[in-house]
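Got chain A sorted already, so can you dock chain B onto it with the hints?
There are 2 protein chains.
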Amino acid sequence: MTILDKVLKRDIRACARLLRWIDDGAPEARTTLKQLYHHSGQASIIGITGNPGAGKSTLTDKLITKFRSRNKTVAVVAIDPSSPFSGGAILGDRIRMQQHATDEGVFIRSFATRGHLGGLTSTTSDVVHALDAMGWDIILVETVGVGQDEVEVQRLAHTTVVTMAPGMGDEIQAIKAGILEIADIFVVNKADREGADRTVKDLQMMLDMGYISPKEMAHHGGAILADNRKQQRICPEGWIPKIYKTVATTGDGIDELLGGLEEHRAAYIEASKDEDFVRARLRQEFLDIFRRILFARGWSFLMHEDHLKQIIGQLIDNSSDPYTLAEQAVKALGRT
Amino acid sequence: MTILDKVLKRDIRACARLLRWIDDGAPEARTTLKQLYHHSGQASIIGITGNPGAGKSTLTDKLITKFRSRNKTVAVVAIDPSSPFSGGAILGDRIRMQQHATDEGVFIRSFATRGHLGGLTSTTSDVVHALDAMGWDIILVETVGVGQDEVEVQRLAHTTVVTMAPGMGDEIQAIKAGILEIADIFVVNKADREGADRTVKDLQMMLDMGYISPKEMAHHGGAILADNRKQQRICPEGWIPKIYKTVATTGDGIDELLGGLEEHRAAYIEASKDEDFVRARLRQEFLDIFRRILFARGWSFLMHEDHLKQIIGQLIDNSSDPYTLAEQAVKALGRT
Numbered sequence: 089m090t091i092l093d094k095v096l097k098r099d100i101r102a103c104a105r106l107l108r109w110i111d112d113g114a115p116e117a118r119t120t121l122k123q124l125y126h127h128s129g130q131a132s133i134i135g136i137t138g139n140p141g142a143g144k145s146t147l148t149d150k151l152i153t154k155f156r157s158r159n160k161t162v163a164v165v166a167i168d169p170s171s172p173f174s175g176g177a178i179l180g181d182r183i184r185m186q187q188h189a190t191d192e193g194v195f196i197r198s199f200a201t202r203g204h205l206g207g208l209t210s211t212t213s214d215v216v217h218a219l220d221a222m223g224w225d226i227i228l229v230e231t232v233g234v235g236q237d238e239v240e241v242q243r244l245a246h247t248t249v250v251t252m253a254p255g256m257g258d259e260i261q262a263i264k265a266g267i268l269e270i271a272d273i274f275v276v277n278k279a280d281r282e283g284a285d286r287t288v289k290d291l292q293m294m295l296d297m298g299y300i301s302p303k304e305m306a307h308h309g310g311a312i313l314a315d316n317r318k319q320q321r322i323c324p325e326g327w328i329p330k331i332y333k334t335v336a337t338t339g340d341g342i343d344e345l346l347g348g349l350e351e352h353r354a355a356y357i358e359a360s361k362d363e364d365f366v367r368a369r370l371r372q373e374f375l376d377i378f379r380r381i382l383f384a385r386g387w388s389f390l391m392h393e394d395h396l397k398q399i400i401g402q403l404i405d406n407s408s409d410p411y412t413l414a415e416q417a418v419k420a421l422g423r424t
Numbered sequence: 089m090t091i092l093d094k095v096l097k098r099d100i101r102a103c104a105r106l107l108r109w110i111d112d113g114a115p116e117a118r119t120t121l122k123q124l125y126h127h128s129g130q131a132s133i134i135g136i137t138g139n140p141g142a143g144k145s146t147l148t149d150k151l152i153t154k155f156r157s158r159n160k161t162v163a164v165v166a167i168d169p170s171s172p173f174s175g176g177a178i179l180g181d182r183i184r185m186q187q188h189a190t191d192e193g194v195f196i197r198s199f200a201t202r203g204h205l206g207g208l209t210s211t212t213s214d215v216v217h218a219l220d221a222m223g224w225d226i227i228l229v230e231t232v233g234v235g236q237d238e239v240e241v242q243r244l245a246h247t248t249v250v251t252m253a254p255g256m257g258d259e260i261q262a263i264k265a266g267i268l269e270i271a272d273i274f275v276v277n278k279a280d281r282e283g284a285d286r287t288v289k290d291l292q293m294m295l296d297m298g299y300i301s302p303k304e305m306a307h308h309g310g311a312i313l314a315d316n317r318k319q320q321r322i323c324p325e326g327w328i329p330k331i332y333k334t335v336a337t338t339g340d341g342i343d344e345l346l347g348g349l350e351e352h353r354a355a356y357i358e359a360s361k362d363e364d365f366v367r368a369r370l371r372q373e374f375l376d377i378f379r380r381i382l383f384a385r386g387w388s389f390l391m392h393e394d395h396l397k398q399i400i401g402q403l404i405d406n407s408s409d410p411y412t413l414a415e416q417a418v419k420a421l422g423r424t
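Going down the list, the protein sequences come from chains A and B. Residue numbering for the first sequence follows the numbering used here, starting at 89 and increasing by one per position. Residue numbering for the second sequence follows the numbering used here, starting at 89 and increasing by one per position.
Wrong hints could be hidden among the right ones.
No copy labels: a pair is met if it fits in one copy or bridges any two.
What the hints assert, rightly or not - Below, computed lysine-lysine pairings styled on DSBU-like, alpha-carbon distance capped at 35 Å: (1) LYS289 / LYS97; (2) LYS333 / LYS160; (3) LYS419 / LYS97; (4) LYS419 / LYS94; (5) LYS333 / LYS361.
It is worth saying that the hints were derived from the structure and are not from the lab.
Only chain A is shown next, with the shape it has when bound in the complex:
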């Protein structure tokens, strides 16, 4: 049996090997991903983001349990460095997470997100594609919510949940920092704390006014992606972000949240019947992959025959400038 067959059968060791290949940037990874591609597209990919301290991990934990009780298999990809899933936990969290360790229907994997050339989420989307092809029903992707990288990862998700906690400073400011645009569902977690209703009210106000809704974004179809200045997601037409209050530690509100997730999933599946919607998603997916492959190519060129070392030498000598040298390198890369 080939690794492809084993991965498709969700053989845990084959899966682990593939994810290691992806993480290491091994050439076998790309070959396998190409073959897996046509098997993917069935999973429900749910992004969970928010600032540190919003309670994302506890929420993820509760969602795992809930999905399992409905017989769904769940894979978790944690790329939030403060998440207990990725090892940044205080002891109590780590123990709590272990309840899923013996469940074969749960797969948890954490990743460092930094790629070549000092930037870029490199492997996360490959990992999500692979998990999708493996046949996990639900893929939960946990990130911290502010940066470009995290927004990119969340674009992978079909449904993005933005988690907040009341009293963590000025919510309006946080909202302005770009988080509003990516949410399909808002969760005001730690809703037993003072200020929860206020946070819900503020969010609702932001949704009601000023804000370009996902509906309008979807209406613009592929065109929105050509607008390089904005980080935008492709959402089912007509979807209006919902707000849920939860207390993840006690489980309060989780059933309602699950209902919201299912509702959005249905809207997503409906939207996927429209070719423009599919086209826009494929375009985004392709651009993400193209960029990563372009980068990998650039990096291997610079590492080849001490190119980078020679370039730095010329900068030290002051015999050229980095703009000219970078242009020359990009041209030379094209000729090799």
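Okay, now just chain B, sitting in the frame of chain A:
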């Protein structure tokens, strides 16, 4: 007089034109940047980052006034969407900022940070290079602090100030989210609030234990940049991050903070006598520029002759997969 001469003389209209070229990605921008390069290197570049609500803008405002009182010219680059400098202000903030509007020794410019292919801080570092060549004494770069993009921009800075406010949630968690590694100076702002001393204590504890200090990072010189998984900065050897308490609204603690900034500046200048240090900084600078030029090349290839449209067509047909198509595009790009 050429635009180069005018820019070097800090002619305000020539400067504005250059920044517009940079922002638009006009070919004139690159030409001018190449010529300006050998004139840069004198400015003190100070990054100011932190979560929304930490009071970065008020702090920046107070620092401008302080530097001006010492006869230093100040340029501000705001790429924090929630900053009043970039228009995300509530009315009170906006009015407050206007006090600098008539001062010729102050230049304020805000930018959208999103580049081609759905990611990447594209122009900010060019803007900073240009402002440096123009001869501004101090360049303040304000960003929100969590994402990769923001960390990249902060790597441009010689001195990075991470701003926090007490009581904004779990500081320890925030620290784990990657902010600790980039700080030369911590500011606990809103220090008249409850919990300020606790935040200082927590920070100090994190600095005292566990944490890889900038000192060690500098010790590893250029090597650290080859480690693509980490976002690291190059710091003067022996520098231990300092913590300052401020109340930016009243100006309390600003003098002490300024003292800290000057101390770090002196350490930076001293470190620059070491070739390894300079080499590491040049390497980082080159890689940032290389990556941007590589991206621009990739994007213009995809836009040329409907390449991207054809690719999406093949994905819609299901006649290929995005990995294969991206590899082909990267190869084809090399041949044009």
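Structure-based check of each hint:
For the homomeric pair LYS289 and LYS97, neither the shortest alpha-carbon distance inside one copy (47 Å) nor that between copies (51 Å) is at most 35 Å. With identical chains, the CA atoms of LYS333 and LYS160 are at most 35 Å apart within one copy only, with a shortest distance of 24 Å there and 50 Å across copies. Taking the shortest Cα distances, LYS419 and LYS97 sit within 35 Å of each other only across copies (34 Å), while inside one copy they are farther apart (44 Å). Taking identical chains as interchangeable, the C-alpha atoms of LYS419 and LYS94 lie at most 35 Å apart only when they sit on different chains, with a minimum of 31 Å there against 42 Å within one chain.
Taking the closest pair of Cα atoms, LYS333 and LYS361 come within 35 Å of each other only inside a single copy of the chain (32 Å); across copies the shortest separation is 56 Å, beyond that limit.
The structure fails hint 1 only (numbered hints given earlier).
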